[in-house]
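Undergrad: The residues making up each chain are set out below.
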Amino acid sequence: MDFRLSEEHLMVQKMVRDFVQKEVKPVIQEWDRKQEMAPFILPRMAELGILGINIPVRYGGQGFDYITLGLVCEELEAGDSPLRVVMSVHMGLNSMALLQWGTEEQKQKFLTPQAKGEKYACFGLTEPGAGSDVAGMKATARRDGDEYVLNGEKMWISLASKAHHALIVARTNPDAEPHDGLSAFIVELDRKGITTGDIHGKLGMRAGSTGYIAMQDVRVPVENRLGEEGEGFKIAMSCLDNGRYTVAAGATGLIRASLDASVKYSHERKAFNKEIGQFQLVQQKIAYMVQQYETSRLLYLKAGWMKNQGERNTRETSLAKWYATDASFDAASEAIQVHGAYGYSDEYDVERYLRNSKGGVIYEGTSEIHQLMQAGYALGYRKDAELRCELPAYDAEFWQS
Amino acid sequence: MKIAVFVKQVPDSAAKLSVDNGTVNWGDAPLVINPWDEYAVEAALQLAEKHNGEVAAISLGDENAKEALKHALAMGAASATLVSDPALAKADAAAAARVFAAAVQKLGGVDLAIFGKQAIDSDTGLAPAMTARVLGWPALSMVAAIPSLDAGSIKVERAIEEGRQIVEGKLPAVLSIVKDFAEPRYPSFMGIRKASKAEIPVWSLGDLGISAPDSKVSWAEISAPPARDVTSEMVTGANADEIAAKLADLIIAEGVL
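Just so you know, the sequences run in chain order L and S. If you read the first sequence in the working numbering, its first letter stands for residue 1, the second for the next number, and so on. If you read the second sequence in the working numbering, its first letter stands for residue 1, the second for the next number, and so on.
Honestly, the hints are just simulated from the structure, not real lab data. Be a bit skeptical, because a hint or two may be false.
Said to hold, decoys possible - Have a look at the derived ranges for each label pair, beta carbon to beta carbon: (1) S:Lys-179 <-> L:Ala-341: 36 to 42 Å; (2) L:Lys-302 <-> S:Gln-165: 56 to 62 Å; (3) S:Pro-201 <-> L:Gln-283: 44 to 50 Å; (4) S:Lys-216 <-> L:Glu-347: 18 to 24 Å; (5) L:Phe-3 <-> S:Val-235: 43 to 49 Å; (6) L:Ser-6 <-> S:Lys-155: 42 to 48 Å; (7) S:Gly-27 <-> L:Lys-138: 45 to 51 Å; (8) S:Asp-123 <-> L:His-164: 16 to 22 Å; (9) L:Val-290 <-> S:Glu-63: 29 to 35 Å; (10) L:Ala-135 <-> S:Glu-54: 45 to 51 Å.
Stated by the list, open to error - Pairs of lysine-lysine, DSBU-like flavour, derived with a Cα cap of 35 Å: (11) L:Lys-383 <-> L:Lys-270; (12) L:Lys-138 <-> L:Lys-234; (13) S:Lys-2 <-> L:Lys-270; (14) L:Lys-22 <-> S:Lys-216; (15) S:Lys-194 <-> S:Lys-50; (16) L:Lys-116 <-> L:Lys-25; (17) L:Lys-14 <-> L:Lys-383; (18) L:Lys-264 <-> S:Lys-179; (19) S:Lys-246 <-> L:Lys-116; (20) S:Lys-179 <-> L:Lys-22; (21) S:Lys-246 <-> S:Lys-16; (22) S:Lys-179 <-> S:Lys-106; (23) S:Lys-2 <-> L:Lys-302; (24) L:Lys-22 <-> S:Lys-50; (25) S:Lys-246 <-> L:Lys-34; (26) L:Lys-14 <-> S:Lys-90.
Glycine included, C-beta positions come from ideal geometry on N, C-alpha and C.
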C-alpha cells in the first residue's frame, strides 16, 4: 500500500491551489454578497483545462486519473464551494456519465466540447416534488417517431442558467414499475420549449448558479437518448456515484479551509494575555478538525483509487460523501466558534464556509439517505447489481493517447 | 532564438524562518520556485513564442532544485538541466555567476540569458549582472517590457525608481525581469504531464569544464532579527467616516504622519 501522491498529482494540486488563491479568494466574498456567480469562473476553468481534467485526451480532456479529479475538487472547495459544484455537475454528473454510457458518436458530439470547456454541462434529476424519491419524478418523455417530446420541470439544478447541455432524466413508460420507466437524455438547452432561471435567497452557495429547467414540448432526437430506454434510473444512480465523489472531495477541502482559518486565528487572537490556541478547549476543536480532514481525505481517496481500478464504489463513495459533508458542517461551525464574534461576520470566511457546507449535507443524497445505504450494505439488505456499462478503469495509455 | 532561463528553488515566502546553530531553518515549509524566476520564465516563453525560439531552463542546486526546473518545464520550457556539484554547496553570487556563464557556454548558441530580478532567499540580485560580466555580454536589468527584438539587438524598458528607461543592447545579452513584465502563466496540465515524466540531466563542474570557482563572500555570522513586540488595536465606530477619523487621529498621535 502506497499513500503517496504521484508527482503529477502534486503538481496539479499546486496549480489549482494557485489559481484559487490568486484569482478566486481575493474576490469571492464580493460575489457571495452579490449572490451572483463571478462571470470569469467558468471560462477561466475552461481555459485552464479544469473542465476536462479526467477525460481522455482523445475526447478533448486532459487525461488525468480519477484521483486527480478528487484533488482538484478539494482545492476548489477550499476556495469556495460553488467552484467545486461546477465540477460536480459538469464533470461528475454529466461528462463522466457520457464517458460511461455514451456511444462513440455521443462522446464525439457532446463529451468532447464539454471536456474542452467549449460547452458547459449540468444534470437534471431533482424536481420540485421529487428529491430523494427519484422514482417519484413527474417529468415525461413521450416517443414520437424519431424524437422524444419532453415535459416537466427540474429544480435545484446547478448551472441551469449557464449550461449548454443538460442530462435530463424523465419518465418514458408510465405503465412500468417506477424505477424501470425512466430514461436519460442529453438535451441542448437552447432547444425550443426550454426555459431556465436562477433561484435566489439560498442559505449558501451564493456565488454559484442554482436554478430550474422547465420543459414544454421539447423535441429531442432519439440519438440524444443516453443508454437504453428504461435505463434512466440506473444511469442516474451511476451519475451520483461520480457526483458524490466530487462532493466528498470538495467537503474535505472545506474542512481544510476551516482548519487552516482556525489555526491562523488561534495564533493571532489573544485572550487573557495568551494566544487562544493555548487554551485546551480551542485545541480540542482544532484536533477534531484534523481528525475530520484526515478521515474524509482517506475515504475519498479510497473511492478515487477504486474508480481508477474500475471497481464498483457506490458503497465507498456514499460513505465518503456522508462522512465528509457532515464533518464539513461541524468543522465550519466550530471554526466560527474559534473566531468568536468575528466568525459571525462575513469579514472572515468561516461564516461562508458554514452556509456553503449545509448544501452538501442535502444534495446528492441527504445524510439520511446515506445512512440508510450504509446500514443496508452492513445488514446485507442492499447489493449493487452489475451495470451494463461500468465506469471505465483508468488506463493511462488510453487516456493520454 | 535560443533562450536560457535561470530558476532557483527557495523556501516559500510564507515560511517562518529561524536561525539554528548558525544555519537558516525554514522548518517543514515547502520549497518553491523563486517567485521572481516565474516572471523570468514567463518572459522567456513569451519571447520564444513570438520569435520562434526555444527555452532551456537551468538551475544550480541540489536534487530539490529539480522541482523548480519541473515547474519551468510545466510552464512550457523545452528542456531543463540541473547544475549540481558538492563543491558548489557554499557558492556565493560571484561563484554562481561563473557556473551560470559556463552553463550558457555549454548550451551553446544562446541569444538571451534571463533571470528573475533577485532570489527571495539571499536577496542579493547580483547574479544577472555578474553572469553578464563573466560572459562579456550586456546586462539589461529590471526589464519590464521588451518593445523590440531582432536577430542582433534588443530594446528594453527598464523599471527604475525614477520611472521607465528605454535602453538598447546587442545580442547575446543577459536580462533580469521584474513583475511588471507579465503575470506568470500557470503550468498547463499537458506541461505537468511532460514535466512529471521528464528525466532531468545533471551537469557537474567537470561537465562544464571548470573547476570550483572561488566565493568572494562568506557568511561569518547569521542571526535572526530580534522579535518586535507589536500591539494591535481595533478601531471601531458607527460608520466608515467615524472609523477613518479615529484612525487618522491615532496615526497623527503616533507621529507616523
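Undergrad: The structure should be examined with respect to each hint, and the outcome stated for every one.
TA: Hints and how they fare:
Range check, S:Lys-179 to L:Ala-341: about 38 Å between beta-carbon atoms, so the 36 to 42 Å window is met. Distance hint for L:Lys-302 and S:Gln-165: a CB-CB separation of about 59 Å, consistent with the stated range 56 to 62 Å. Distance hint check: the CB atoms of S:Pro-201 and L:Gln-283 are about 49 Å apart, consistent with the given range 44 to 50 Å. Under the hint 18 to 24 Å, the C-beta atoms of S:Lys-216 and L:Glu-347, about 51 Å apart, miss the expected range.
Between L:Phe-3 and S:Val-235 the C-beta distance comes to about 48 Å, which sits within the given range of 43 to 49 Å. The hint said 42 to 48 Å for the Cβ distance between L:Ser-6 and S:Lys-155, and at roughly 44 Å that hint holds. In this structure, S:Gly-27 and L:Lys-138 break the distance hint of 45 to 51 Å, their C-beta atoms being roughly 59 Å apart. Checked against the given bound of 16 to 22 Å, the beta carbons of S:Asp-123 and L:His-164, roughly 50 Å apart, lie outside it.
Take L:Val-290 and S:Glu-63: their Cβ atoms lie about 31 Å apart, and the range 29 to 35 Å holds. Checked against the hint of 45 to 51 Å, the pair L:Ala-135 and S:Glu-54 fails, with Cβ atoms roughly 60 Å apart. With a CA separation close to 53 Å, the supplied pair L:Lys-383 and L:Lys-270 exceeds the 35 Å bound. With a C-alpha separation of about 17 Å, the suggested pair L:Lys-138 and L:Lys-234 falls inside the 35 Å cut-off, and the hint holds.
A hinted pair counts as satisfied when its Cα atoms are at most 35 Å apart, and S:Lys-2 with L:Lys-270 does not qualify at roughly 56 Å. Proposed proximity of L:Lys-22 and S:Lys-216 is contradicted: the alpha carbons are some 39 Å apart, above 35 Å. Straight-line distance between C-alpha atoms of S:Lys-194 and S:Lys-50 comes to about 22 Å, which keeps the hinted pair within the 35 Å bound. Pair hint L:Lys-116 plus L:Lys-25 holds up; C-alpha atoms about 25 Å apart against a cutoff of 35 Å.
Between the alpha carbons of L:Lys-14 and L:Lys-383 the distance comes to roughly 38 Å, so the proposed pair goes past 35 Å and is violated. Between L:Lys-264 and S:Lys-179, the direct Cα distance comes to roughly 29 Å. Compliance with the 35 Å bound is thereby established for this hinted pair. Our distance criterion of 35 Å between C-alpha atoms is broken by S:Lys-246 and L:Lys-116, whose separation comes to about 53 Å. A C-alpha spacing of about 15 Å is found between S:Lys-179 and L:Lys-22, which places the hinted pair at or below 35 Å, so the restraint holds.
For a cut-off of 35 Å, the pair hint linking S:Lys-246 to S:Lys-16 stands: about 33 Å separates their Cα positions. Between S:Lys-179 and S:Lys-106, the direct Cα distance comes to roughly 29 Å. Compliance with the 35 Å bound is thereby established for this hinted pair. Pair hint S:Lys-2 plus L:Lys-302 does not hold up; C-alpha atoms about 46 Å apart against a cutoff of 35 Å. Between L:Lys-22 and S:Lys-50 the alpha-carbon distance is near 26 Å, which keeps this suggested pair within the 35 Å criterion.
Proximity of S:Lys-246 to L:Lys-34 is assessed by CA-CA distance (about 30 Å); at most 35 Å being required, the pair is judged to hold. With a CA separation close to 30 Å, the supplied pair L:Lys-14 and S:Lys-90 stays within the 35 Å bound.
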